[in-house]
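Chains W and V are the protein sequences, given in the same order. Heads up, the first sequence is in our numbering, so the first residue is 58 and it goes up one at a time. Heads up, the second sequence is in our numbering, so the first residue is 1215 and it goes up one at a time.
This list has only true hints and no planted wrong ones.
Output of the computed footprint for chain W on chain V, the stretches with three or more beta carbons under 8 Å from beta carbons of chain W:
| no. | stretch |
| --- | --- |
| 1 | 1247-1254 |
| 2 | 1261-1270 |
| 3 | 1279-1292 |
Don't read these hints as lab results, they were simulated from the structure. Backbone N, C-alpha and C define an ideal beta-carbon position, used for all residues, glycine too.
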Amino acid sequence: MKSPSGVAFSAIQRTALHTASLFVPAAERQNWSCEWLSELWHVRSSYIRIDETISLQSQGEIMLFCLGAFSDALCVRELATQSGSRRPHIHGSAAQTLLWLSAILLLCFLITSLLPGIQAEREAAQFLINPNALIISEATDHSFRPSIPAGLYLNWKYTHQRFFQDLAFYQVTREPAQAGSARMSWNVARSSTNLFSLLGVPLKYAFDDGSGLPSVILSHEAWMRTFSGDPNVTGKVLRIGRGNARVAGVAPAAAWELPGSPDVWLLQADTQIATDIPYRTPGYLVAQLSSRGQEAMRNSGDGISAHNLEDLLIDLSATSVNAPVEGPWNLYGFALFLALVALPAVSSVSLGETQMTPHQASTRECVRRFVFLGAKFFLISGIGLFASLDIAYCSTSSYSMAAECLQLISCFAICLFGFRWALADQRHRCPVCLRRVTNPASVGLASRTFLGWNGTEMICMGGHTLLHVPALPTSWFGDQRWLYLDSSWQFLFADSGIY
Amino acid sequence: MPCMAAEAKLSHTAAMILQAISAGYVYGFSIMEVTGLPSGTVYPAMRRLERDDLIRSQWERQSIADAEQRPPRKYYKITTAGRSTLEASRRRYPLLERLMPTEEARSL
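I would like the entire structure built from these sequences, with the hints used as guidance.
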């Protein structure tokens, strides 16, 4: 019959062992606990007196025994850590390289998914502006200044036209605006209602509540800047100038390529344009050419003639609205192609396969090498795509030509120098285990180049190969060579088992 | 080469524990009793000796333990490498053999 103090001591001792077991690595904990609990049982048995009790002094000694479990647990932990460090470490291995590249790729991808400008570029590339839509201006003015008066637009719009199938007009003024409590000054384009349909630009979040308030279309930049890209912006009432207007949609990213850089378009019927905009105030005219107009344009370069308000003949020039938007994938493909073409110019494409011994590499080794090289190229290509987008759009939240150029240049540079690195790295990888050769040793004297070999020797730490790289390529030793080490070298590699 | 390293570096305590196992004290508590070393010294030392392949551990069969109505014990046994290391340690510590009786002598 156990005494209450005996039960309490037993519980304390077992608790001490369980606590100590927490220091033991999980994989070994059960085995360790079994051993100590078994030993505890035997220790307690050896102290039990004839009356089946254990003296207080003996309980103390058993407690000391149990406290020794902490030292043992820490020792087991330390040994497990040491044996862990003996496991095949991946430093310099092919796996490490691929892991690093994958991590960089993932990081670049995550950054890409957070940048709003990239989404804008993708959107801009998704639609094509009507190819027959042209900005019409007076031939003498190629600076994209407003040159067609509102009155002339109305005159042309409502008279039979030979060259124009449809006409739209807008005029940009700087006006105060208010959205909620935010006050700002916007470039407001008072435009005819058919502007976006003529351009063929699909609006995002198009909205029409039939409230009778004028409709306003936000540019992508204004939407991002003022409303932080809020998709529920449509339907909100803004104060523009002296009147209210309701947000009827958001223009896609590329639509603000129109001259005048409007922040918003206030859509107005032609009757309202006639009353709101002074008759002779110049604005921008967007026209869709008729087939006759297209023919006339082809025959006369890009100029046609028409009568102005004074019925005088004026020369008009037409400029395409449709700015070429390549989109991220087209630019990426082009940059990748350029990088591959330019690669032989910056690096030797040889993999340094020359060898000093008649070693026949197995098919598996060859396949592994080329799969590894292919994986590096693939990951670098991915990094080129996402990193170039990150670079191009890190400081801009909307589509721009400058960002596209930056993307093209940075993608080309990343891919070109990435591929160059991949080839150089491959040349310094043991053909057997794909680890980088290390411990470079300079051999020979440069001053005796023509008397004997001089260069650098590097060795595979797995004990497979020795790489000879000539310092100065000569006719008899022009490229690096691999020496495959036989078993006589193995004594140098005491821990070869880990490789 | 763990054996060679252990042979060169075996401390007196480790040599005593190895000697005890060689003498037939095959589980932790009996080694503690014969050497007079605390559990916090004996068990960690046995882990290191086992790591260096100087001793080997083996769990007693459950059926034997059940028959005697006690939990199974983990027994330790000296290996061939352990014997040669112990020989070297005996040369280094000449009194090692006299420190503890063999299991056979104790039973007498």
